[in-house]
Amino acid sequence: MKQAWWTAAIFAGLAFGAVTQAAHAQQQEEEEESMRERGQRASPSDRFCIRETGSRVTAARNARSKRAEQECTTGGGRVYTREDIERTGTVDIKDALRRLDPSVF
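Residue numbers (mature numbering (1 follows the signal peptide of the UniProt record, and there is no 0)): -25 to -1, 1 to 80.
Treat the hints as calculated values from the structure; they're not laboratory data.
These numbers come from a predicted model, not from an experiment.
For every residue, glycine included, the Cβ atom is placed at its ideal position computed from N, Cα and C.
Hints are supplied without guarantee of correctness; some may be wrong.
[Claimed, not checked] What follows is a set of in silico ranges between Cβ atoms, one per label pair, in the way DEER data are often shown:
| # | residue 1 | residue 2 | range |
| --- | --- | --- | --- |
| 1 | -20 | 53 | 47 to 53 angstroms |
| 2 | -19 | 77 | 56 to 62 angstroms |
| 3 | 4 | -20 | 31 to 37 angstroms |
| 4 | 76 | -20 | 52 to 58 angstroms |
[To be verified] Straight-line distance between alpha carbons at most 25 angstroms, and here's what the computed SDA-like set of lysine to any residue pairs gives:
| # | residue 1 | residue 2 |
| --- | --- | --- |
| 5 | 69 | 79 |
| 6 | 69 | 56 |
| 7 | 69 | 58 |
| 8 | 69 | 57 |
| 9 | 69 | 52 |
| 10 | 69 | 53 |
| 11 | 69 | 59 |
| 12 | 69 | 55 |
| 13 | 69 | 54 |
Can you build the whole structure from these sequences, using the hints too?
Quick look at the structure:
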């Protein structure tokens, strides 16, 4: 009898956790959708929002989606704009990256 009670209590706890997690995920999706509707996107100058990758992962994902806007890639990395590279005054990318971020080389 005690084992059946414990089993029921465990299943009830798991069900409660699943419902809470589903509600949180739904709320998060609604917030993202409302941001998209208002036209809020990450600022182009946001260095922590990588929109394009060398492997074109983001472009392929966005081409398959119904949305036209680009989202940030979920991976980590750094972004250097053309202006950043030109501001270094170097002639090649290797030296420009070395000046922008010494940890690259």
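Each hint, compared with the structure:
As the Cβ distance of residue -20 to residue 53 is approximately 52 angstroms, the hint placing it in 47 to 53 angstroms holds. At about 59 angstroms, the beta-carbon gap between residue -19 and residue 77 stays in the expected band of 56 to 62 angstroms. Distance hint check: the CB atoms of residue 4 and residue -20 are about 35 angstroms apart, consistent with the given range 31 to 37 angstroms. For the pair residue 76 and residue -20, the supplied restraint of 52 to 58 angstroms holds, since their beta-carbon distance comes to about 56 angstroms.
Taking the CA atoms of residue 69 and residue 79, the gap is near 9 angstroms; set against the 25 angstroms cutoff, the hint holds. Using a Cα cut-off of 25 angstroms, the hinted pair residue 69 and residue 56 holds, with the two alpha carbons roughly 15 angstroms apart. About 16 angstroms separates the Cα atoms of residue 69 and residue 58, which keeps this hinted pair within 25 angstroms; it holds. For the given pair, residue 69 sits about 14 angstroms from residue 57 by alpha-carbon distance, which is consistent with the 25 angstroms threshold.
Restraint check: the Cα-Cα separation between residue 69 and residue 52 comes to about 17 angstroms, which is no more than 25 angstroms; the hinted pair holds. Distance check on the hinted pair: residue 69 and residue 53 sit about 15 angstroms apart at the alpha-carbon level, within 25 angstroms; holds. This hinted pair checks out: residue 69 and residue 59 have alpha carbons roughly 13 angstroms apart, not beyond 25 angstroms. For the suggested pair residue 69 and residue 55, the alpha carbons sit about 13 angstroms apart, so the restraint of at most 25 angstroms is met.
Distance restraint check for residue 69 and residue 54: the Cα-Cα separation of roughly 15 angstroms lies within the 25 angstroms cut-off, and the hinted pair is therefore satisfied.
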